[in-house]
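Peer 1: Sequence:
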Amino acid sequence: MAEKKTKKPKKAPVSKQPKKQEEPKSNKIKVRLIALFLLFIFFISICQLGIVGGFFHTLMVYIFGSMMIYPILIILSIVSAYFVIKGEAPQWKGPQAIGLVMMIIGILLICTYAGNMHSTGSMNNYIKHDGVTSGGLIGSLLYAPLSALFSPIGTLIFGIILLLAGLALFSSKYIHQYKIKQNEKEAQDAVEVFENKKETSKVKDFFAPKQKEKGFFPDKVFEEKEPLKEPDIDLTFNQKSMRLDIEKKKPKKMEYKDGVYQLPSFDLLNPIRNTGNLSEEAKHAKNTGKILENMFEEFGVNANVVHLYIGPTVTKFEIKLEAGTRVNRILQLQDDIQLALAAKEIRIEAPIPGKPYVGIEVPNKTAAMVPFNEVYQLSMRDHTWDNKLAVPLGKDVSGNLIVAELNKMPHLLIAGATGSGKSVCVNSIITSILMKATPDEVRLILVDPKKVELSNYNGVPHLLSPVVTDPKKAAGVLQQVVAEMERRYEVFADNGQRNMESYNIYARTFNEKANDEDKKEIMPYHVVILDEVADLMMVASKTVEDCIMRISQMARAAGIHLIVATQRPSTDIITGVIKANIPSRIAFAVSSSVDSRTILDATGAEKLLGKGDMLFSPMGSSSPVRVQGAFVADEEVSRVVEFVSKQMDANYDDNYVNAKEVSNGGSSVNDSLDDTEEEYEECREFVIKEQRASTSLLQRRFRIGYNKAARIMDQLEQNGVIGPQIGSKPREVYIRGYSEEDI
1 MAEKKTKKPK KAPVSKQPKK QEEPKSNKIK VRLIALFLLF IFFISICQLG
51 IVGGFFHTLM VYIFGSMMIY PILIILSIVS AYFVIKGEAP QWKGPQAIGL
101 VMMIIGILLI CTYAGNMHST GSMNNYIKHD GVTSGGLIGS LLYAPLSALF
151 SPIGTLIFGI ILLLAGLALF SSKYIHQYKI KQNEKEAQDA VEVFENKKET
201 SKVKDFFAPK QKEKGFFPDK VFEEKEPLKE PDIDLTFNQK SMRLDIEKKK
251 PKKMEYKDGV YQLPSFDLLN PIRNTGNLSE EAKHAKNTGK ILENMFEEFG
301 VNANVVHLYI GPTVTKFEIK LEAGTRVNRI LQLQDDIQLA LAAKEIRIEA
351 PIPGKPYVGI EVPNKTAAMV PFNEVYQLSM RDHTWDNKLA VPLGKDVSGN
401 LIVAELNKMP HLLIAGATGS GKSVCVNSII TSILMKATPD EVRLILVDPK
451 KVELSNYNGV PHLLSPVVTD PKKAAGVLQQ VVAEMERRYE VFADNGQRNM
501 ESYNIYARTF NEKANDEDKK EIMPYHVVIL DEVADLMMVA SKTVEDCIMR
551 ISQMARAAGI HLIVATQRPS TDIITGVIKA NIPSRIAFAV SSSVDSRTIL
601 DATGAEKLLG KGDMLFSPMG SSSPVRVQGA FVADEEVSRV VEFVSKQMDA
651 NYDDNYVNAK EVSNGGSSVN DSLDDTEEEY EECREFVIKE QRASTSLLQR
701 RFRIGYNKAA RIMDQLEQNG VIGPQIGSKP REVYIRGYSE EDI
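If you're matching positions, the sequence shown starts at 1 in the UniProt record's numbering and goes up one per residue.
Calculated from the structure, these hints are not laboratory results. These figures come from a predicted structure and were not determined experimentally. Relax, there's no trap hidden among the hints.
Calculated lysine-lysine pairs in the DSS-like style (CA-CA distance at most 25 Å, straight line):
| no. | residue 1 | residue 2 |
| --- | --- | --- |
| 1 | Lys365 | Lys611 |
| 2 | Lys344 | Lys611 |
| 3 | Lys660 | Lys542 |
| 4 | Lys320 | Lys290 |
With the hints as extra help, turn the sequences into a complete structure.
Peer 2: And the structure:
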């Protein structure tokens, strides 16, 4: 069978960027040469080598004084050596630079005072005396007016204050970094230990003081007269949810056709900032554990808190039931637990899959935001990093990274109420794809009926067409996606391959030996994102549902993956056909358990807190995982879009750009009846004359079939001759009267 040659769209020229690395390299060489020369001067000055060394030594003594000459020369030598090695100045900005100057001035004042303790008078006297040899010319010039204003003792005190204040400013940054490392070390060294004790008849016995073991937090956290025993609850806090200093990876450069395509670096994203207080959340979690233990005792439930995990927004308590205690006993206490904890919402997972425990999820005192930059850097160390369609969603209740692999899902349904974080999740998925994949590897089709959510991605080279905002055209684009899927399967069949991955391997091997004209195409992944499918279902429900069904059933092997998002999780939008073919789902906060069942086939989404709090149910999972979604800001998206758009111009596919509009009837508007058709004109004339219209009337009068009569009725409605069908009432005829112009 002859191989079908597909007409490929012309490639847009890659804009060559000017080389920006030559100038910094030349600057570094100049800096190193100057620093090397200064280092030589400082060395011969310290050792007083020769006439030049003696001259510079005498000059430095005159400027800084005999007491400061050697410290100053050593410090300047160290700084010069840093310049030689690094080729740039130390990053001393703001408070550090001010602190360094204050320290030098303070030391010079103290040295000048030490050399002029027995001399008084004007500035000339200080300079003529030992001032120049003790604090140098600079110290004497500063000391003379200050001693006249504040006295020598006052000037000494002022110099000491300047020295201490400068030292505090200079070292503030390093002290802050040291504290962060110490907190991270303490959190990493924490060990989770829970022991069930026999004597748990009273809560105070459970929390009796330990003598040998140290708790996770210092004793000063609890300000009580009598120290209580650290609870046997040991905190497991995954340090991944704290600030991480991950080694930066250089942007990966890839050969893109006839140019170089550079992937965006995470430097384009906002810097990671610590949110939340670990010690405060730990203290709050321990108090919550005490309340739970107390409640179980009051209601006669034989259960103990054995583990707890502090996540970004919720803390998960694992409850172990003693033998003979029913799980329903915990479920019956849900309202009482929520009242006792004064919590907005609590969620009980009974039991936890794979564990002999019941989980109780309680909101944290302060919710911590999960920045997209943090989860993106964590995903760089994950085993799924090489997968171009592996997108980081956020963190679970234990602080672990959650990654969704779109090519293994293979399709995704996202649903949730307005303001719950659905649009931010979609933006984070798109941004992750733009930062990991080139236009040769992944192409995008974005449908945004709201016209404001995804419009900022216009011009991105990954797009197959501009962002589709017309619902009628969106249905036509989906039909074109189905046509592309069928074309790919024909190519697979012609080349004896089963899926896109194996075909691309075969095509690359074949292209190494083939001529340019005979080379086979390398197929990229196609990711289709429908931001608001509810609006599409209202305009062309039959066509949209049929296309979604075909894509979700067959497109995985063709490398086409679908993401469907909606804020109306009702059965008329998320139909049984869609749910059956899209096994991976994300549920954000919804208003009722009915909506939660519509999305996940289980309750729980009505207990979510909003603002990115989600339940993620991947394909094959027995129960959904609670995840705090990553937050990507609009300015981050704009920077990434601007960066990738500068790499090359958008390269749209004409088949998608010129897709036909589809109405609710399921047929293309462009394929409708021609107004000049003889039967249509006869029917139009008859309807205007009789002032009534129906499909059965046209069938009887013109002896035509039902399908043709129905199409004529649809065309009459589209052309404004008759009104829409309203229940059992007859259609209204808009054109009154009869004339040749109306025919």
